[in-house]
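Asks: As a plain string of letters, each chain reads:
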Amino acid sequence: MAPKSARRRQLEAAALYPLDWVEERTGLVGGIKYFLFRHVPRDTNWMQTLGAATLTAFLVQTVTGVFLAMYYKPDPQNAYSSIQHITHEVTLGWLVRGMHKWGASVFIILMFFHMARVFLFGAYKYPRELNWIVGSLLLVLGMLEGFTGYLLPWDQTAYWATAVGINLNATAPFLGPFLANFLQGGAQIGPDTIARFYSLHMLLIPGGLIGLIVLHMYLVVRLGVTSPPWSPTAAGRERPDESKPEGARQGLIRSGDGQDEGH
Amino acid sequence: MAPAGAACGSWYVVDTSESRAVEWRAGSELSSPNDKPHVPAPSLWPVGFAIGIVCLLLGLVLGSWPIVAVGAVLAIAFGYLWVRDVTRDMRPKEAPAPGTDVAPSAPAAEATEELPGFSRSIFLETATLGIGGVIGGLVTLPVLGFAVLPAFESHKAKDVDLGPITNFPEGSFVVATFLEDPSQGEVSRKTAFIRNNGLTAVKGKQEPSFTIIYSRCAHLGCPVQPGGLLQDAETKQLAPVKGDPVKLIPVKGLSNFACPCHGGAYDPEGNRVAGPPVRALDRFAYSIVNGNLMLGTLYSVGHVEGTGADAKISRYTSASPGVHVDGIERWLYPIPVPGR
Numbered sequence: 001m002a003p004k005s006a007r008r009r010q011l012e013a014a015a016l017y018p019l020d021w022v023e024e025r026t027g028l029v030g031g032i033k034y035f036l037f038r039h040v041p042r043d044t045n046w047m048q049t050l051g052a053a054t055l056t057a058f059l060v061q062t063v064t065g066v067f068l069a070m071y072y073k074p075d076p077q078n079a080y081s082s083i084q085h086i087t088h089e090v091t092l093g094w095l096v097r098g099m100h101k102w103g104a105s106v107f108i109i110l111m112f113f114h115m116a117r118v119f120l121f122g123a124y125k126y127p128r129e130l131n132w133i134v135g136s137l138l139l140v141l142g143m144l145e146g147f148t149g150y151l152l153p154w155d156q157t158a159y160w161a162t163a164v165g166i167n168l169n170a171t172a173p174f175l176g177p178f179l180a181n182f183l184q185g186g187a188q189i190g191p192d193t194i195a196r197f198y199s200l201h202m203l204l205i206p207g208g209l210i211g212l213i214v215l216h217m218y219l220v221v222r223l224g225v226t227s228p229p230w231s232p233t234a235a236g237r238e239r240p241d242e243s244k245p246e247g248a249r250q251g252l253i254r255s256g257d258g259q260d261e262g263h
Numbered sequence: 001m002a003p004a005g006a007a008c009g010s011w012y013v014v015d016t017s018e019s020r021a022v023e024w025r026a027g028s029e030l031s032s033p034n035d036k037p038h039v040p041a042p043s044l045w046p047v048g049f050a051i052g053i054v055c056l057l058l059g060l061v062l063g064s065w066p067i068v069a070v071g072a073v074l075a076i077a078f079g080y081l082w083v084r085d086v087t088r089d090m091r092p093k094e095a096p097a098p099g100t101d102v103a104p105s106a107p108a109a110e111a112t113e114e115l116p117g118f119s120r121s122i123f124l125e126t127a128t129l130g131i132g133g134v135i136g137g138l139v140t141l142p143v144l145g146f147a148v149l150p151a152f153e154s155h156k157a158k159d160v161d162l163g164p165i166t167n168f169p170e171g172s173f174v175v176a177t178f179l180e181d182p183s184q185g186e187v188s189r190k191t192a193f194i195r196n197n198g199l200t201a202v203k204g205k206q207e208p209s210f211t212i213i214y215s216r217c218a219h220l221g222c223p224v225q226p227g228g229l230l231q232d233a234e235t236k237q238l239a240p241v242k243g244d245p246v247k248l249i250p251v252k253g254l255s256n257f258a259c260p261c262h263g264g265a266y267d268p269e270g271n272r273v274a275g276p277p278v279r280a281l282d283r284f285a286y287s288i289v290n291g292n293l294m295l296g297t298l299y300s301v302g303h304v305e306g307t308g309a310d311a312k313i314s315r316y317t318s319a320s321p322g323v324h325v326d327g328i329e330r331w332l333y334p335i336p337v338p339g340r
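Residue numbers (this note's numbering), protein chains in the order written: chain A, 1 to 263; chain B, 1 to 340.
Do not rely on the hints blindly, as some may be mistaken.
To be verified - Listed next, the in silico SDA-like pairs over lysine to any residue satisfying Cα-Cα at most 20 Å (straight line):
1. LYS190/B to GLY190/A
2. LYS156/B to GLY190/A
3. LYS125/A to LEU50/A
4. LYS125/A to GLY302/B
5. LYS101/A to LYS125/A
6. LYS125/A to LYS158/B
7. LYS73/A to LEU200/A
8. LYS190/B to THR157/A
9. LYS73/A to GLN184/B
10. LYS190/B to GLN77/A
11. LYS101/A to ALA161/A
12. LYS247/B to GLY227/B
13. LYS190/B to VAL164/A
14. LYS203/B to ALA311/B
15. LYS158/B to PRO191/A
16. LYS190/B to PRO42/B
17. LYS156/B to PRO191/A
18. LYS190/B to GLN156/A
19. LYS190/B to PRO191/A
20. LYS73/A to THR157/A
21. LYS190/B to GLN10/A
22. LYS190/B to ASP75/A
23. LYS156/B to PHE182/A
24. LYS156/B to ASP192/A
25. LYS125/A to LEU44/B
26. LYS158/B to VAL164/A
27. LYS190/B to ASP192/A
28. LYS156/B to PHE178/A
29. LYS190/B to LEU50/A
30. LYS190/B to VAL140/A
The hints are simulated quantities; they were obtained by calculation from the structure and are not laboratory data.
Using the sequences and the accompanying hints, generate a full structural model.
Replies: See the structure below:
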């Protein structure tokens with residue numbers, strides 16, 4: 001390809017100057033690049049995008065949930081009517097609530113698909129065993145999100161499904177009845193139950209989820225992406241020198257002549 | 001195409017999946033340092049261990065001690081073999097001779113002599129960690145107690161006044177709905193099925209007798225429905241002086257109670273006749289004050305023999321639905337829950 005014109009080089013320098021400024025002071029550009037521009041095996045598969053899809057579903061739940069919390073009232077007298085208010089009166093409330101409701105199922109389904117991919121590709125094997133375990137914990141927490149979120153509409157389905165769910169927990173040997181009391185905030189479903197579920201649903205469990213997701217992705221970056229089982233090649237290439245600012249932003253702008261730092 | 005495993009440094013991502021490319025299989029760099037085989041090698045011991053556990057649980061479910069014993073023996077035997085296999089590399093191959101352990105201990109002793117016994121930095125580290133731990137505990141423990149303990153406090157609700165006993169016709173059921181604790185609002189609304197059993201002799205005195213069955217299914221807590229004709233036209237709304245109105249609907253020809261969720265069915269005494277429930281329906285204790293029926297505490301029932309005033313009720317502390325109160329399965333719930 002033809003070498004870059006002087007004008008183009010000038011433009012690139014202008015575009016990259018703020019990046020270099022930030023990089024020199026924080027190292028963030030290199031960090032983000034390290035995270036995003038990783039080498040992956042040549043023959044990665046579309047199935048390997050399921051983890052990112054699950055993350056996207058989680059982010060949708062986070063964003064819609066934050067905005068639903070602006071209108072939702074977690075107490076037995078007002079919960080149902082506030083849901084009706086969100087669905088029928090608040091502008092676009094039906095859409096945000098619908099996204100959160102259906103997105104919840106999408107999140108759970110994608111987690112299972114992602115898990116199936118990891119299992120069938122053998123990606124849980126050495127050295128990635130701990131990431132499988134972290135993923136299993138994420139699955140458990142995701143299901144708990146589903147369980148605690150199901151009560152919040154406070155309609156007949158929500159109430160009785162949660163009653164059955166709590167009593168199901170109570171049948172676990174030894175500590176089951178204690179778990180049921182903890183979940184209900186007393187011996188029966190009472191005035192504190194819904195606020196308790198709301199707190200678990202939007203604060204405690206998401207906090208754990210976010211922490212474990214960070215750990216999950218750290219391990220993905222550290223250990224790399226697995227080749228599909230039919231791959232004829234093994235993965236792994238050298239990373240560029242990231243100790244220099246130029247090295248850190250190498251590849252951020254696709255260069256025309258095939259060399260990142262030609263000048 | 002060079003095998004990536006050949007040059008493996010800290011910046012490399014090495015995939016350990018076995019390659020099918022034969023062209024470099026014959027090469028000299030077949031095994032990379034990262035390509036360690038799994039330790040220990042696959043074995044059948046965990047499978048036997050799992051079979052033992054399954055057998056043990058099966059025995060517990062079936063209530064058969066020989067099966068439990070066989071399962072326990074299998075689990076212990078295979079568990080021992082498994083652990084022995086796994087820890088093979090950690091155990092010393094042979095016991096060291098008595099004289100050999102003198103040599104390694106000598107340099108260790110020298111090393112400890114070189115170190116100061118208790119330096120300033122160690123003191124500061126310990127103090128920081130210790131004070132941090134104390135502060136963390138002081139903050140966390142009350143918060144945890146706040147989150148957990150209130151769920152186990154007993155809230156002794158006042159007895160609910162269900163109105164004059166003359167509202168309850170002898171020998172047939174009435175569906176009563178009421179607020180168990182009006183201060184909690186609608187969430188405490190409960191339903192009970194009440195039958196006046198007529199007068200019965202208690203210690204030489206003629207006293208009224210009632211059967212008061214709680215509508216909560218003993219399977220998983222759904223509301224059981226009365227199998228009879230609800231006389232909606234004869235519904236009574238009682239407004240007691242204190243508390244919330246009580247609604248009474250008489251039922252004609254009640255033959256059973258049935259649960260809509262999973263098909264649990266009970267006879268008019270609350271004994272399970274079909275479906276998944278693990279015990280009879282719960283009941284309320286009662287008292288009669290100034291001719292009014294007062295609803296007392298809830299209790300769980302294992303089984304009822306006989307009917308009406310003559311019924312022999314095996315009575316237990318109120319338990320969660322689905323929890324066994326009698327039989328061998330009650331051993332699964334040995335710790336009583338406070339606040340029930």
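Asks: Run every hint past the structure and note whether it holds.
Replies: To see whether the hints hold, each was checked on the structure:
Under the criterion of a C-alpha separation no larger than 20 Å, the hint pairing LYS190/B with GLY190/A is consistent with the structure, at around 12 Å. With a C-alpha separation of about 14 Å, the suggested pair LYS156/B and GLY190/A falls inside the 20 Å cut-off, and the hint holds. A C-alpha spacing of about 18 Å is found between LYS125/A and LEU50/A, which places the hinted pair at or below 20 Å, so the restraint holds. Distance restraint check for LYS125/A and GLY302/B: the Cα-Cα separation of roughly 50 Å exceeds the 20 Å cut-off, and the hinted pair is therefore not satisfied.
Of the supplied pair hints, the one linking LYS101/A and LYS125/A is violated, its CA atoms being roughly 35 Å apart against a limit of 20 Å. A C-alpha spacing of about 60 Å is found between LYS125/A and LYS158/B, which places the hinted pair above 20 Å, so the restraint is violated. Distance restraint check for LYS73/A and LEU200/A: the Cα-Cα separation of roughly 15 Å lies within the 20 Å cut-off, and the hinted pair is therefore satisfied. Restraint check for LYS190/B and THR157/A: satisfied, since their Cα atoms lie roughly 17 Å apart, inside the 20 Å limit.
Under the criterion of a C-alpha separation no larger than 20 Å, the hint pairing LYS73/A with GLN184/B is consistent with the structure, at around 17 Å. A threshold of 20 Å between alpha carbons decides the hint, and for LYS190/B with GLN77/A the separation of about 17 Å falls inside it, so the pair holds. Restraint check for LYS101/A and ALA161/A: the C-alpha separation of about 16 Å stays at or below 20 Å, so the hint holds. Distance hint between LYS247/B and GLY227/B is fulfilled; the C-alpha atoms sit about 19 Å from each other, no more than 20 Å.
A threshold of 20 Å between alpha carbons decides the hint, and for LYS190/B with VAL164/A the separation of about 16 Å falls inside it, so the pair holds. Under the criterion of a C-alpha separation no larger than 20 Å, the hint pairing LYS203/B with ALA311/B is consistent with the structure, at around 16 Å. In summary, the hint linking LYS158/B to PRO191/A is supported, as the alpha carbons are separated by about 17 Å, within the 20 Å threshold. Between LYS190/B and PRO42/B the alpha-carbon distance is near 57 Å, which puts this suggested pair outside the 20 Å criterion.
With a C-alpha separation of about 15 Å, the suggested pair LYS156/B and PRO191/A falls inside the 20 Å cut-off, and the hint holds. Only pairs whose Cα atoms come within 20 Å are accepted, and LYS190/B paired with GLN156/A is accepted, the gap being roughly 15 Å. A threshold of 20 Å between alpha carbons decides the hint, and for LYS190/B with PRO191/A the separation of about 14 Å falls inside it, so the pair holds. Taking the CA atoms of LYS73/A and THR157/A, the gap is about 18 Å. The hint holds against a cut of 20 Å.
Of the supplied pair hints, the one linking LYS190/B and GLN10/A is violated, its CA atoms being roughly 77 Å apart against a limit of 20 Å. Under the criterion of a C-alpha separation no larger than 20 Å, the hint pairing LYS190/B with ASP75/A is consistent with the structure, at around 19 Å. Restraint check for LYS156/B and PHE182/A: the C-alpha separation of about 18 Å stays at or below 20 Å, so the hint holds. Taken as a hint, the LYS156/B and ASP192/A pair is honoured in the structure, with Cα atoms around 16 Å apart against an allowance of 20 Å.
Of the pairs offered as hints, the one joining LYS125/A and LEU44/B holds, with about 19 Å between alpha carbons and a cut-off of 20 Å not exceeded. Distance check on the hinted pair: LYS158/B and VAL164/A sit about 27 Å apart at the alpha-carbon level, beyond 20 Å; violated. In summary, the hint linking LYS190/B to ASP192/A is supported, as the alpha carbons are separated by about 17 Å, within the 20 Å threshold. Taking the CA atoms of LYS156/B and PHE178/A, the gap is near 19 Å; set against the 20 Å cutoff, the hint holds.
Distance restraint check for LYS190/B and LEU50/A: the Cα-Cα separation of roughly 47 Å exceeds the 20 Å cut-off, and the hinted pair is therefore not satisfied. For a cut-off of 20 Å, the pair hint linking LYS190/B to VAL140/A is broken: about 33 Å separates their Cα positions.
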